[in-house]
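Q: So the chains spell out like this:
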Amino acid sequence: MRLKNMLSAAAVALALLSAPAALALEPAEQVKLLATIDDRQRNGGDYKAMVYLEQKEKGKADLVYELVVYRRDADDKLMMLFTKPKTEAGKGYLRLDKNLWNYDPNVGRWERRTERERIAGTDSRRADFDESRLAEEYDPSYEGEAKLGKYTAHVLSLKVKPGVDVAYPVVKLWVDKASGNILKQEEYALSGRKMRTALYPRWKKTYSESKKDDVWIPEEIRLYDEVEKGNSTTILVKTVDLRPLEANLFTKAWLESKSR
Amino acid sequence: MLQLFLIAFRNLGTHRKRTLLLGGAIAGVTALLVILMGLSTGMKESMLRSATTLSTGHVNVAGFYKLTAGQAAPIVTGYPAILEQIRKDVPELDFAVQRGRGWLKLVSESASIQVGAGGIDVKSEPGLQKVLQIRAGSLDGLAEPNTVLLFEKQAKKLNVQVGESVTLAAQTMRGTSNTLDARVVAIAADMGMLSDFGIFVPSDTLRSLYQLKGDTAGALLLYLKDIRQVPVVQARLRQTLADAGHVVMDHDPRAFFMKFETVNREAWTGQRLDITNWEDEISFITWTLTALNSLTGVLIFVLMVIIGVGIMNTLWIAIRERTREIGTLRAIGMQRTRVLLMFVFEALMLGLLGTLAGATLGLVVCLSINALAVHVPEVVGVFIMSDTLNLAVHPASVVGAMAFITACTTAISLIPSFLAARLKPVTAMHHIG
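Taken in sequence, the protein lines are chains A and B.
As numbered in my numbering, the first sequence has no gaps in its residue numbers, which increase by one up to the final residue, 260.
As numbered in my numbering, the second sequence has no gaps in its residue numbers, which increase by one up to the final residue, 1433.
Chain A on its own, in the form it takes in the complex (with noise of 0.2 Å):
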């Protein structure tokens, strides 16, 4: 009777132990969850999208920028140019070569920025704009699943990949289920001090003619600044077009015309 009940105690210890394990996801499709999301987002061609910026600071007026976003993701290149308000008109930011310039043509200087450069002085950074490149940039590791309102998601912690630059070297993830598309992300520093909040509350999807397949496309995305509490940023994504760029339109020297 005494060894019935231990077996029986062990079977249903066994049984608690691994439930998570049932749950959890292997390492190898963690990186395939992470690679999904960024292939959904993945255009393979050129992009181009009206985008703006409301900056909301504690004690400030708030602010509103409108810029024309491209990119190439086939090289890697990135360029913003802001359209509004008139003080900002023709300043730009400008992705070469994993380098990050800002042209400002009040003094028609170049500088070069980081990663953690806050665009236009908002809490967004270069990354929020860009292609996605989770799979590249980090490792994950699966914290189990957890219910954000009424959606049920996977939440992953990313911990950046060495020699790998970004604006966070942490990243916690929360992962529609269902849609596979990113619901909220909270980036910390190595301090674990978590720095950002960035919730993704409408995707958006078009057919890309390069991709021959439809991308997904944040339309919305809410910045929380977690270290000056109060100031957070959206970003609205409009007007996408993914048709063919200019050749030459990924240069210093158009930049520049734009303000001429």
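In case anyone wonders, no lab produced these hints; they're calculated from the structure.
It is possible that part of the hints are untrue.
Claimed, not checked - Listed next, the in silico DSBU-like pairs over lysine-lysine satisfying Cα-Cα at most 30 Å (straight line):
(1) Lys1123/B x Lys229/A
(2) Lys150/A x Lys98/A
(3) Lys161/A x Lys1424/B
(4) Lys1130/B x Lys77/A
(5) Lys58/A x Lys1153/B
(6) Lys77/A x Lys161/A
(7) Lys1213/B x Lys56/A
(8) Lys159/A x Lys1157/B
(9) Lys58/A x Lys1130/B
(10) Lys147/A x Lys77/A
(11) Lys32/A x Lys229/A
(12) Lys56/A x Lys1157/B
(13) Lys172/A x Lys1156/B
(14) Lys58/A x Lys205/A
(15) Lys205/A x Lys159/A
(16) Lys172/A x Lys1157/B
(17) Lys204/A x Lys98/A
(18) Lys194/A x Lys56/A
(19) Lys48/A x Lys212/A
(20) Lys98/A x Lys1213/B
(21) Lys32/A x Lys172/A
Claimed, not checked - Far from chain B by the CB rule (all over 12 Å, computed), these chain A residues:
(22) Val31
(23) Ser157
(24) Ala167
No experiment lies behind these values; they were computed from the predicted model shown.
Note that CB positions come from ideal geometry on N, CA and C, so glycine has one too.
Guided by the hints, dock chain B onto chain A, whose structure is given.
A: Relative to the frame of chain A, chain B by itself:
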């Protein structure tokens, strides 16, 4: 002679109140002098330790490189060859390190500050390991590229901890604004004014920020086995480096960053070497030491005048009280010189006992303050180059202070003692006091 000492000693004992009052005053001044000297020496030692760790060697071979006449950068090009020559020319050398020098903006998520950056190869910096007190993280972290060491006050201002990133922004020699992200790997205890404006990053990180080649350095910091050899080594290097074909700048005893205005005004371009010593590099803060020493001097002078008047007055009273005694002693054959010595010995003994008590008191105060590691207010810490009060007491300076005050009190007693010795025995014996 021994009898005279005995008389003087007994006389001090007879007038106990007066002796205690005057001796107490002498002891107080001695204690004050010992403490102030301890503070001054402590400041000097802290300054030397901080400066020769954070920003300068005992002797520095630095310089400026000018692409155009008006644009100087604190750079020494081709430093390995210069260092090799220095090793040959300076047998007094203990060790030498190369440091990068830069002035940049440090940006965190919530704040930014302007700081001077020292580019270091942490493995070849034994001095830093000994002097920096790491509060968080590890100094060895600086062996990795794109890392930074901050001091506590800076970390607080920037609101960053170990493991978080900051952006370094600076202008390259060609005028391009460049930035670089660096991870905070260590936070060190503040070290006064020098640590307020200084951070450390790996040399290659600083070169990368300024887009410089691997054989460039900001300065070669030379640490000698004996710091007293500084002037000799400095003079010799000026000669040998000039003989080797380098253009050596005229000696300007100022910190390198104070020379930009002068150097930028000059018409030359290319590389020039500047040979300085540690005192030159911290000349902008040594005024605090001069000010303290001057204040000590004035204070001690005033107190000595007060004590001098007190001693003179006391001896006047003693002579007046003992006029008949002096007359009797003279009448039974005591020489004038012995009368003089009797009173001088009284002052001498008072001085010796007073200074001994004062020096002991001063010493106890200094040692207690050191043992308690008393924290000073931030403003004071900036000037004394340490966040704790450090009083350095050396036996020679204590003995010196005692000898000085005793000599002063003895010298002051000479006037009334002379007058006592000059008294005629008959007049003295008839004195009704």
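Q: Hints first: check each against the structure and report whether it holds.
A: Hint check:
1. Lys1123/B x Lys229/A: violated, 40 Å
2. Lys150/A x Lys98/A: This hinted pair is violated, its Cα atoms lying about 39 Å apart.
3. Lys161/A x Lys1424/B: violated, 102 Å
4. Lys1130/B x Lys77/A: violated, 48 Å
5. Lys58/A x Lys1153/B: holds, 25 Å
6. Lys77/A x Lys161/A: At roughly 21 Å apart (the allowed maximum being 30 Å), lysine 161/A and lysine 77/A satisfy the hint.
7. Lys1213/B x Lys56/A: Measuring from Cα to Cα gives roughly 43 Å; hence the hint is violated.
8. Lys159/A x Lys1157/B: holds, 28 Å
9. Lys58/A x Lys1130/B: Measuring from Cα to Cα gives roughly 44 Å; hence the hint is violated.
10. Lys147/A x Lys77/A: violated, 36 Å
11. Lys32/A x Lys229/A: violated, 35 Å
12. Lys56/A x Lys1157/B: holds, 23 Å
13. Lys172/A x Lys1156/B: holds, 27 Å
14. Lys58/A x Lys205/A: violated, 34 Å
15. Lys205/A x Lys159/A: Distance of about 28 Å is within 30 Å: holds.
16. Lys172/A x Lys1157/B: Cα-Cα ~28 Å, so holds.
17. Lys204/A x Lys98/A: holds, 28 Å
18. Lys194/A x Lys56/A: holds, 19 Å
19. Lys48/A x Lys212/A: holds, 17 Å
20. Lys98/A x Lys1213/B: Roughly 21 Å between the alpha carbons, so the hint for lysine 98/A and lysine 1213/B holds.
21. Lys32/A x Lys172/A: holds, 16 Å
22. Val31: holds, 25 Å
23. Ser157: holds, 16 Å
24. Ala167: Contrary to the label, alanine 167/A does not stay out of reach of chain B, its closest Cβ about 8 Å off (not over 12 Å).
Hints 1, 2, 3, 4, 7, 9, 10, 11, 14, 24, counting from the list given before, are not met by this structure.
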